[in-house]
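Number of protein chains: 2
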Amino acid sequence: MNAHDAIQLFAKTLANLDKWMEKAEAYAKDRGFEVDVLAQSRLAPDQYSLVKQVQAVCDQAKFAAAYLSGGKAPSHPDNEQTFAELRQRIRKTLDYVATVPESAFANADQQKVAPAWLGGRWFRGSDYLVEMAIPNFFFHASMAYAILRHNGVSLGKMDYIGGITTHEG
Amino acid sequence: MNAHDAIQLFAKTLANLDKWMEKAEAYAKDRGFEVDVLAQSRLAPDQYSLVKQVQAVCDQAKFAAAYLSGGKAPSHPDNEQTFAELRQRIRKTLDYVATVPESAFANADQQKVAPAWLGGRWFRGSDYLVEMAIPNFFFHASMAYAILRHNGVSLGKMDYIGGITTHEG
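Just so you know, the protein sequences line up as chains A and B, in that order. Going by the numbering used here, the first residue of the first sequence is number 1, and it counts up by one from there. Going by the numbering used here, the first residue of the second sequence is number 170, and it counts up by one from there.
Please keep in mind that the hints were generated in silico from the structure rather than gathered at the bench. Be a bit skeptical, because a hint or two may be false.
[Stated by the list, open to error] If you want the footprint, here are the derived chain A segments under chain B, 3+ residues with CB under 8 Å:
no., region
1, 17-31
2, 40-51
3, 121-129
4, 142-150
[Claimed, not checked] Heads up, simulated SDA-like pairs for lysine to any residue below, C-alpha to C-alpha not over 25 Å straight-line:
no., chain 1, residue 1, chain 2, residue 2
5, B, Lys181, A, Leu118
6, B, Lys188, A, Asp5
7, B, Lys181, A, Trp117
8, A, Lys157, B, Ala283
9, A, Lys12, B, Asn305
10, A, Lys12, B, Pro284
11, B, Lys326, A, Asp78
12, A, Lys72, B, Gln216
13, A, Lys52, B, Pro284
14, B, Lys241, A, Glu168
15, A, Lys157, B, Ile333
16, B, Lys326, A, Arg121
17, B, Lys326, A, Ala44
18, A, Lys157, B, Pro284
19, A, Lys112, B, Lys326
20, B, Lys281, B, Ala242
21, B, Lys188, A, Asn136
22, A, Lys23, B, Pro214
23, A, Lys52, B, Ile333
24, A, Lys52, B, Trp291
25, B, Lys181, B, Pro214
26, A, Lys157, B, Thr268
27, B, Lys181, A, Tyr160
28, B, Lys221, A, Asp159
29, B, Lys281, A, Lys23
30, B, Lys221, A, Gly156
31, B, Lys181, A, Ala56
32, B, Lys326, A, Tyr48
33, A, Lys157, B, Lys326
34, A, Lys29, B, Gln216
35, B, Lys221, A, Ala44
36, A, Lys12, A, Asp95
[Claimed, not checked] Which stretches of chain B does chain A cover? Using the computed rule of at least three CB atoms under 8 Å from a CB of chain A, they are:
no., region
37, 174-180
38, 209-222
39, 262-268
40, 286-294
We treat Cβ as the ideally placed atom computed from N, Cα and C, and that holds for glycine.
Bound-form chain A, shown alone (with noise of 0.2 Å):
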């Protein structure tokens, strides 16, 4: 899996979670409550509310779409509250996301990414694509999934994988 796979498989979850906070809003329009109470839901008092993994998953897929193309992230402030505004993250994601070229991320693995946190050091591109992106993009998107779930939202494993390539005989 190279680079723009990554990044591909990053878009495809991304869109499965917007299917997940539709069925959401399904959920929550039957059962009677204000979809937007579960936007500051979470599963431990000191981790992300929902509003925060969601901004999370997204930052993960649109960083690691700047940093191994050799970009510039677009500024998306960290300002949404409700269901319909992380929706709209989602959306503003996958669309930066789909302006990147396959061919941008030719150097992917030579890329020296520096994000602020590091505080100076740098990562190659191909150990924060292993180290970082993967695992911490599905971290975020598994812990949206996950207080969904724990508030009774109807999902299954294959909401959260999506489709799949298969072949017959």
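Given the structure of chain A, go ahead and fit chain B onto it with the hints provided.
Same frame as chain A, but now just chain B:
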């Protein structure tokens, strides 16, 4: 990230999981409860318990190593009940994965991966890695983490990520 890198990342994350479980044991001892209570914890009544999450994450690593190397996975019956048994399952999985040399993954992308649950259909190795093994592995690892976190075990993101390879200057 090729198949061998992915399997190495899975092994690293399983070793991290073992440390989360060790932290859970220390937490239980400190709080004066039996740690194996957590083995049956789950985030939703119809979602896997911690026991099954750990078995599943081990199996994702084991089967990915076997399928992508064209080898045969050892049988690990799902009979664990306790933390000690689950940690032994992790060790058995790591021991097996360590027996598969990097050279065995040379043909990983072209392997025909036909798990029984596909009912006769099959994945191309490269699709199996991207569409199933990676997202599924991190799903179950994250759910194990989330169950422990939800029950008060003090874990942070770097416990999840583990060691990283960065450079100075």
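Exercise for review: Run the structure past the numbered hints and jot down the numbers of the failing ones, going up.
Suggested key: 1, 6, 12, 13, 15, 24, 25, 26, 29, 39
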